[in-house]
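With the hints as your guide, set chain B onto chain A.
Sequences listed follow chains A and B, in order. Position 288 of the first sequence, counting from 1, maps to 288 under this note's numbering, and the rest follow consecutively. Position 174 of the second sequence, counting from 1, maps to 174 under this note's numbering, and the rest follow consecutively.
The set of hints was computed from the structure by calculation and includes no laboratory data. Incorrect hints may appear among the rest.
Stated by the list, open to error - Capping the alpha-carbon separation at 20 Å, the derived lysine to aspartate or glutamate pairs in EDC-like fashion look like this: (1) B:K139 with A:E244; (2) B:K162 with A:E244; (3) B:K242 with B:D72.
Claimed, not checked - Pairwise CB distance ranges (calculated): (4) B:D165 with A:T112: 58 to 66 Å; (5) B:E132 with A:G241: 20 to 28 Å; (6) B:S68 with A:P95: 54 to 62 Å; (7) B:T108 with A:V201: 44 to 52 Å; (8) A:A54 with B:N90: 31 to 39 Å; (9) A:N71 with B:N90: 30 to 38 Å; (10) A:A99 with B:T108: 35 to 43 Å; (11) A:S258 with B:D165: 21 to 29 Å.
Since we're looking at a predicted model, the values are computed, not measured. For glycine and all other residues, C-beta sits at the position ideal for the given N, C-alpha and C.
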Amino acid sequence: MKLGESRQPERKMRQNWRDRIFEFWIDLTRLLACGGILCIFVFLGKEALVFLKAPEASQSLFQLAWFPSENRFGIMAMVVGSVLVVGLSLLQAWPIARASAIYLGFFSSPRTSVWLLGSLQLMAAIPSVVVGLFGLSFLLPILAVYFPPAFGLLVASFVLSFVLLPSLIINVHAMLVIDTDPLLEVGKSLGISTPSLIRKVILPQRRRFLRRALILGAGRAFGETLAVLLVAGNNIQLPKGLFEPFRTLNATIALEMSYAQGLHRSALFFLGLCLLLLVCVLRFLAGRENA
Amino acid sequence: MKISLYIAGSLILWGSLGSSAAASLQKLTLSGSSTLAPLVSEIAKAYEKNNANVQLDVQTGGSSKGLSDCRDGLNDLGMISRPLKPEDGNVRAVPIARDGIAFMLNKTNSLSSFTGEQVVRIFRGEIQNWKELGGPDQKVVVVNKAEGRAALELFLQHFKLKPSDVKASLIIGDEEQGLKTIASNPGAIGYVAISSAELASQGNSQVKSVALDGAIPTTDAVLKGSYTLVRPLSLVQCGKAKPAAEGFIQFASSPEGQKLVKSLNYIPL
Chain A
1 MKLGESRQPE RKMRQNWRDR IFEFWIDLTR LLACGGILCI FVFLGKEALV FLKAPEASQS
61 LFQLAWFPSE NRFGIMAMVV GSVLVVGLSL LQAWPIARAS AIYLGFFSSP RTSVWLLGSL
121 QLMAAIPSVV VGLFGLSFLL PILAVYFPPA FGLLVASFVL SFVLLPSLII NVHAMLVIDT
181 DPLLEVGKSL GISTPSLIRK VILPQRRRFL RRALILGAGR AFGETLAVLL VAGNNIQLPK
241 GLFEPFRTLN ATIALEMSYA QGLHRSALFF LGLCLLLLVC VLRFLAGREN A
Chain B
1 MKISLYIAGS LILWGSLGSS AAASLQKLTL SGSSTLAPLV SEIAKAYEKN NANVQLDVQT
61 GGSSKGLSDC RDGLNDLGMI SRPLKPEDGN VRAVPIARDG IAFMLNKTNS LSSFTGEQVV
121 RIFRGEIQNW KELGGPDQKV VVVNKAEGRA ALELFLQHFK LKPSDVKASL IIGDEEQGLK
181 TIASNPGAIG YVAISSAELA SQGNSQVKSV ALDGAIPTTD AVLKGSYTLV RPLSLVQCGK
241 AKPAAEGFIQ FASSPEGQKL VKSLNYIPL
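Pulled out of the complex, with its shape left as it was, chain A reads as follows (with noise of 0.2 Å):
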């Protein structure tokens, strides 16, 4: 309602009810959004409390194995998991993604520019799953007769940064290319360099909208599926190495949840909602100055 009367000047000059049916539309739209979220989370907190209520939950839960026929429900191996393939993914695949998105924004010619983008925006759509099967059958093959049985942490982050690579260039060069016109010329006319202009000036300027992309791009990478599972291994143990088999928490809904009851069903709805937490913990250690 704040915003309707500081809205009020305005308003009396066009109001028209085209203009109220646009409004309407916007809020509802954000309700529908907040109110969707606020289900999921209740929804998962809600069947995640039957599990936290049982005496096996609070016995085994901040161990490593989890064997639900024994009611035992150690979910670290599987956080541990997520968290460093998600890692090890970016570390891959943030450099690049910067350099491609530096390179589409200032050294390319516009016309290649265009087709790059056009590409890379074909291969975001790439089924995702599809770049797991790649890993299976291609690369799985190759890397097992030298370090057998070789799924694990490297193919699955290496994976998983070729899942994320193109929708992350893609956005990182969104915001790097944003209103850079005036401060190109203006460093032109200055006779400063185009290399030391970037990276002196716009980058450092961009800092937070970069990171407001790698956060994204890690709140796809923990949601990332099934191209993970399919090259994981899904052994769930604390990886020693990189060609050591894991597991990640979505890993362990998708293979167990056609089949799970009772207990274990609830624990995989809480393994969902430590999911949930884990994006809402990195949300907030991005910082809330781009609010």
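Structure of chain B alone, referenced to chain A:
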């Protein structure tokens, strides 16, 4: 105007649907094993098509729930994926299908037969290299099924293992993923349903099934009784059966029902 017409129209439509359906509908509730549920749901669909006045509701919850619901009269038929035990009391079990598992190796592995004891040692992680069994000098990669899968349950039951006894290096979900995993790993050993194993062994795939205690896992071998890593999947019924339930049991055992059993990769009777 238009909207009110729509509302009135849909009200009339739904109302008429409701009243006609309520006339002579017989409801059957089935509950129990999640292994059987997909099969029974398919058979139920076919049965409903033939008998328009019967409606089946298939719920999962495990074999023991199927039995206890049956005794308490909460369902009309229970579904169980294990043989009846003496302590189950006076219930009637009618097998409608079977399922079994076959062990699979990568094609490059020269071994082709295991004893049950060797299988247990492999899956317990006591055999680390195929050399120890006379195979190639290759690390053993144990491929196990994810918790809750029916094949895992059967495997553990047959070899009397606990889930935590199995020292797996890779965990897989469905059969297709399992076969791909074994195909891409020279040292892998895993298990899949017999029908999937038969399909995969045909053609030029990278996997092969292995004999267990000398018996080759094929549908024929199961039908002849020479391959024993199988279990019956049955419908159970307590007390007096509804005519529709009796009809459903007969339909499931009929050639038409058994054809569905085969098409869904279970082994017919």
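To see whether the hints hold, each was checked on the structure:
no.: 1; hint: B:K139 with A:E244; result: 14 Å, holds
no.: 2; hint: B:K162 with A:E244; result: 23 Å, violated
no.: 3; hint: B:K242 with B:D72; result: 15 Å, holds
no.: 4; hint: B:D165 with A:T112: 58 to 66 Å; result: 59 Å, holds
no.: 5; hint: B:E132 with A:G241: 20 to 28 Å; result: 24 Å, holds
no.: 6; hint: B:S68 with A:P95: 54 to 62 Å; result: 59 Å, holds
no.: 7; hint: B:T108 with A:V201: 44 to 52 Å; result: 58 Å, violated
no.: 8; hint: A:A54 with B:N90: 31 to 39 Å; result: 34 Å, holds
no.: 9; hint: A:N71 with B:N90: 30 to 38 Å; result: 32 Å, holds
no.: 10; hint: A:A99 with B:T108: 35 to 43 Å; result: 41 Å, holds
no.: 11; hint: A:S258 with B:D165: 21 to 29 Å; result: 24 Å, holds
Violation of the numbered hints given earlier is confined to hints 2 and 7; the remaining hints are satisfied by the structure.
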